Amino acid sequence: MSELIEQQRFMCAIGAMQTVVAISKAVPILHCGPGCATMVQGFFERSTGYAGGSTAPCSNFTETEVVFGGEDKLRKIISNTYKVLDTDLQVILTGCASAIVGDDVNSVAREFANEGKPVVYVETPGFKCTNYQSHSIVVNAIIDQYVDINYDKSAQKQKNLVNVFASIPYQDPFWKGNLEEIKRLIEGIGLKANILFGPYSKGIDEWKTVPQAAFNVLISTWYGTEIVENLKTKYGQPYYNFPYIPVGANDCAKFLSRLLKYANDNGAGLDEEKAESFIKREEKAFYEEIDNLATFLLEFRYGLPNFFHVLSDSGYVLGISKFLLHEVGIIPKELFIMEQTPDEYKQKILDEASKISDKRKISVYFQPDGGLAQDIIRGADHQGRGVLLGGAWDKQLAQEKQFDFVSIGHPSTYRLVLTTTYFGYKGGLRLIEDIYNAALATYA
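Be aware that the sequence shown starts at 6, since it is given in my numbering, and climbs by one per residue.
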């Protein structure tokens, strides 16, 4: 008997077409029914990129292909895409129908690869996994089938170059702003960063330098682990893992200081005095803004939120909760991890969640069903003013409970996100702005 999930905050495996869309001049080639891309576009909304959403080339799998196979049709789509679009990389993603029929998509991809065309093939039928997992599958396919063949074998490893794997493009609404800020901070302590996605990446040329990195940086509770493990095996690159999104000064300083030590332990030769000076300068700017809040907080001390709930993925649940408790003074109540976390990673997340507070136990639920998560919040009775951080589906619950509401995830119907970040020093200040702006708006 199948289990239905209400208000899910993730996609099926083919949602990782957005991983491709986030690479400059890379094009997803969909070997599936025409509704798949439309579904992905509808979920992620403003996410077309260079050739995504309803503009993505698609074999439009129909009953005919189910009976006779769709390899010839796929072959034509790939060939015509090269004629119409100026592409640096094409990534073929399969849907449910083509996977069930058993089309040999790999052989079709090899035909073009043998002609020197940059084509990668990935199995992403919707029943295989969620887009959190298929993101890693797509990245590893690009590394294994394209980067490993096309990188400069004579190039030496660069002792201060790192590959960064953090926010999943588009699944994380703040991915562009996060990657920009991550790059700025990492380079601020003396490293060079390949961020691989978005406008601050050099696109495929940057991907070709992945093997030259001294080590990798994974900012994640679990998603992306398969990528850094693959790179460790393939190129002997170790990796530094920070287990959640660092929001605010405390965790960002912790993230950078640990990274600095890890880098020098692995031969980066960074100037520690200069790096520490950069961290202190960022902290000074952060706390100057916090100091400026003093009068405001005193004036509105009885009219601001004093507790919160978060419905998001594990990286944000942990990062936001630690920041709001320790640096803003808002108490975490029930927290909900929504990304359908694989069982093997749950204990690691719970161990990290136990560090949110040393005064009391925080209730953390692995609950991909938004409706069930809302029912728990609906039944809770906490004194004071609350703020709910979640997706658009949660706004009605916030109104029902008379909570303030901040949109931090999908669906993002009530918020336009372009380059906003919640990462690090700037991200912490932005989150404070968003929470208190939501509270102040109720006084209008």
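Everything labelled a hint here was simulated from the structure, so no lab data went into it.
Careful, some of the hints might be misleading.
Calculated pairs, EDC-like style, for lysine to aspartate or glutamate (alpha carbon to alpha carbon, straight line, at most 16 angstroms) [stated by the list, open to error]:
(1) Lys266 <-> Asp276
(2) Lys30 <-> Glu50
(3) Lys259 <-> Glu288
(4) Lys266 <-> Glu278
(5) Lys207 <-> Glu185
Label-pair ranges, simulated between beta-carbon atoms [claimed, not checked]:
(6) Asn269 <-> Gly241: 14 to 24 angstroms
(7) Val71 <-> Asp210: 38 to 48 angstroms
(8) Gly274 <-> Gln401: 48 to 58 angstroms
All of these numbers come straight from a predicted model, not from anything done at the bench.
Beta carbons: idealized from backbone N, C-alpha and C, even for Gly.
The hints, checked one at a time:
Pair hint Lys266 plus Asp276 holds up; C-alpha atoms about 11 angstroms apart against a cutoff of 16 angstroms. For a cut-off of 16 angstroms, the pair hint linking Lys30 to Glu50 is broken: about 20 angstroms separates their Cα positions. Proximity of Lys259 to Glu288 is assessed by CA-CA distance (about 11 angstroms); at most 16 angstroms being required, the pair is judged to hold. Distance check on the hinted pair: Lys266 and Glu278 sit about 12 angstroms apart at the alpha-carbon level, within 16 angstroms; holds.
Note on Lys207 and Glu185: the hinted pairing holds, with a Cα-Cα distance of about 13 angstroms set against a maximum of 16 angstroms. Checking the proposed 14 to 24 angstroms range against Asn269 and Gly241 shows it holds: the Cβ atoms sit about 19 angstroms from each other. Between Val71 and Asp210, the C-beta spacing of about 40 angstroms keeps the proposed range 38 to 48 angstroms intact. Take Gly274 and Gln401: their Cβ atoms lie about 54 angstroms apart, and the range 48 to 58 angstroms holds.
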